[in-house]
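Student: Each chain, written out:
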Amino acid sequence: MSGQREPRVTELGMLSIGLVAAGVIYLAAYLPRRAPLAPAMILLACAAGVLATNALLLARRPGFAWWRFRQVAGWMLLVYLVVAGMLEFTFLYDHTHGAVLVLMTLLLAVFTLNVPLLSAWTVARFENG
Amino acid sequence: MAVAAARELEAPTAAQPLIPLRGLIPVSAIVVGLVATIASDWTWGLDFFHVVGGGMWTALDLFMGFVIGPIMRGLPVPARVELTKRLMPRMLLIMPTLVTMTLAAGFQLARHNGMLSTSYGRHGWVVASMAVVAVMAMVALALLQPANIAVLFELRKPQPNPAIIQGLMRRFIYAAGVTGAMQVATLVIMTRLAT
Numbered sequence: 059m060s061g062q063r064e065p066r067v068t069e070l071g072m073l074s075i076g077l078v079a080a081g082v083i084y085l086a087a088y089l090p091r092r093a094p095l096a097p098a099m100i101l102l103a104c105a106a107g108v109l110a111t112n113a114l115l116l117a118r119r120p121g122f123a124w125w126r127f128r129q130v131a132g133w134m135l136l137v138y139l140v141v142a143g144m145l146e147f148t149f150l151y152d153h154t155h156g157a158v159l160v161l162m163t164l165l166l167a168v169f170t171l172n173v174p175l176l177s178a179w180t181v182a183r184f185e186n187g
Numbered sequence: 145m146a147v148a149a150a151r152e153l154e155a156p157t158a159a160q161p162l163i164p165l166r167g168l169i170p171v172s173a174i175v176v177g178l179v180a181t182i183a184s185d186w187t188w189g190l191d192f193f194h195v196v197g198g199g200m201w202t203a204l205d206l207f208m209g210f211v212i213g214p215i216m217r218g219l220p221v222p223a224r225v226e227l228t229k230r231l232m233p234r235m236l237l238i239m240p241t242l243v244t245m246t247l248a249a250g251f252q253l254a255r256h257n258g259m260l261s262t263s264y265g266r267h268g269w270v271v272a273s274m275a276v277v278a279v280m281a282m283v284a285l286a287l288l289q290p291a292n293i294a295v296l297f298e299l300r301k302p303q304p305n306p307a308i309i310q311g312l313m314r315r316f317i318y319a320a321g322v323t324g325a326m327q328v329a330t331l332v333i334m335t336r337l338a339t
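Protein chains in written order, with our numbering: chain Z, 59 to 187; chain Y, 145 to 339.
Source of the hints: derived by calculation from the structure; they are not laboratory data.
Ideal Cβ placement from N, Cα and C applies to all residues, glycine included.
Incorrect hints may appear among the rest.
Stated by the list, open to error - Among chain Z residues calculated to face chain Y with C-beta under 8 Å, some are:
1. Gly71
2. Arg91
3. Tyr151
4. Val173
What the hints assert, rightly or not - Simulated DEER-style distance windows between Cβ atoms:
5. Y:Ser184 <-> Z:Ala113: 37 to 47 Å
6. Y:Tyr264 <-> Z:Ile100: 42 to 52 Å
7. Z:Pro97 <-> Y:Trp269: 13 to 23 Å
8. Y:Leu331 <-> Z:Glu64: 34 to 44 Å
9. Z:Gly121 <-> Y:Gly268: 49 to 59 Å
10. Y:Gln160 <-> Z:Ala96: 47 to 57 Å
11. Y:Gly268 <-> Z:Leu114: 32 to 42 Å
12. Y:Arg314 <-> Z:Trp133: 20 to 30 Å
13. Y:Ala338 <-> Z:Leu139: 27 to 37 Å
14. Z:Leu136 <-> Y:Pro220: 36 to 46 Å
15. Y:Thr335 <-> Z:Met144: 24 to 34 Å
16. Y:Ala203 <-> Z:Trp124: 35 to 45 Å
17. Z:Leu114 <-> Y:Asp191: 27 to 37 Å
18. Z:Pro94 <-> Y:Ile169: 41 to 51 Å
Stated by the list, open to error - Negatives, chain Y to chain Z, calculated, CB over 12 Å:
19. Thr187
20. Gly189
21. Asp191
22. Phe192
23. Leu204
24. Leu219
25. Arg224
26. Arg230
27. Ile238
28. Ala248
29. Val283
30. Met334
31. Arg336
Take these sequences, add in the hints, and give me the full structure.
Tutor: Encoded structure:
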């Protein structure tokens, strides 16, 4: 590890997952009625924005062990695609449809990308690039 | 002291799998059983998965945070590393399985019992339980699980760094303590809902 200040990947990842969770809880709290979608869309946009910022900060880090990052992120993505597939199945099983299904799926996608990024970052930061 | 401890560590174990592969059999069986239970809307099965998974998840979080944590802090570094080597691969299989069991079955059970509906008298408690789970998910996915995986990778290096392992284990134990404390809130909410 160099003396360079490390990006706040973990903190930003927590924030992004928190925003996703807030979006899902907001939509679920209105069931069986349909929640006004604007707040959920704002939460989704913020979560995706934080995820993109996180990835960008990480990409600009010199001497990072990308080989290890890709290895861990790949396997974690595989595992969480299975989890996301199960969650998507429950959305469809519960007859979620239309704009709510699109929103829930996008929130799920942001969540699914955050988890491998966090684990892969934590492992790769202790490797030599 | 850290250098001496590093010398005491075993030879590299990079050829071994990161997790005990035999453990994937019960995990797969549980996931298949869970999907089948949800698909068939089997109330007793949902109750079983939710109660058993939730009970074990709560107990394990409290045990890790408030029993194993203090014990580990008092152990010499080589002993901590040895305990970590044996504990963490199993935790990597057990925790996600328990969490998936509890949450997937719990959500379907709540839907089945009408607890998700705003017309349900204690809907506020249901939403509160979701908020508590959200906080636990943030801690688990951003701190606990990455620390667990990073420790396993560090232990596979030819010269594992005990300082890194100690730092990650400290993070793991503290995060488990936080989720353990959140589990107490979950117990309060769940017993309110069940009463």
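Student: Look at each hint and say if it fits the structure.
Tutor: Evaluated hints:
no.: 1; hint: Gly71; result: holds (5 Å)
no.: 2; hint: Arg91; result: holds (7 Å)
no.: 3; hint: Tyr151; result: holds (7 Å)
no.: 4; hint: Val173; result: holds (5 Å)
no.: 5; hint: Y:Ser184 <-> Z:Ala113: 37 to 47 Å; result: holds (40 Å)
no.: 6; hint: Y:Tyr264 <-> Z:Ile100: 42 to 52 Å; result: violated (27 Å)
no.: 7; hint: Z:Pro97 <-> Y:Trp269: 13 to 23 Å; result: holds (22 Å)
no.: 8; hint: Y:Leu331 <-> Z:Glu64: 34 to 44 Å; result: holds (37 Å)
no.: 9; hint: Z:Gly121 <-> Y:Gly268: 49 to 59 Å; result: holds (50 Å)
no.: 10; hint: Y:Gln160 <-> Z:Ala96: 47 to 57 Å; result: holds (51 Å)
no.: 11; hint: Y:Gly268 <-> Z:Leu114: 32 to 42 Å; result: holds (39 Å)
no.: 12; hint: Y:Arg314 <-> Z:Trp133: 20 to 30 Å; result: holds (25 Å)
no.: 13; hint: Y:Ala338 <-> Z:Leu139: 27 to 37 Å; result: holds (34 Å)
no.: 14; hint: Z:Leu136 <-> Y:Pro220: 36 to 46 Å; result: holds (38 Å)
no.: 15; hint: Y:Thr335 <-> Z:Met144: 24 to 34 Å; result: holds (28 Å)
no.: 16; hint: Y:Ala203 <-> Z:Trp124: 35 to 45 Å; result: holds (39 Å)
no.: 17; hint: Z:Leu114 <-> Y:Asp191: 27 to 37 Å; result: violated (45 Å)
no.: 18; hint: Z:Pro94 <-> Y:Ile169: 41 to 51 Å; result: holds (46 Å)
no.: 19; hint: Thr187; result: holds (15 Å)
no.: 20; hint: Gly189; result: holds (15 Å)
no.: 21; hint: Asp191; result: holds (17 Å)
no.: 22; hint: Phe192; result: holds (18 Å)
no.: 23; hint: Leu204; result: holds (19 Å)
no.: 24; hint: Leu219; result: holds (22 Å)
no.: 25; hint: Arg224; result: holds (17 Å)
no.: 26; hint: Arg230; result: holds (20 Å)
no.: 27; hint: Ile238; result: holds (14 Å)
no.: 28; hint: Ala248; result: violated (7 Å)
no.: 29; hint: Val283; result: violated (8 Å)
no.: 30; hint: Met334; result: holds (17 Å)
no.: 31; hint: Arg336; result: holds (17 Å)
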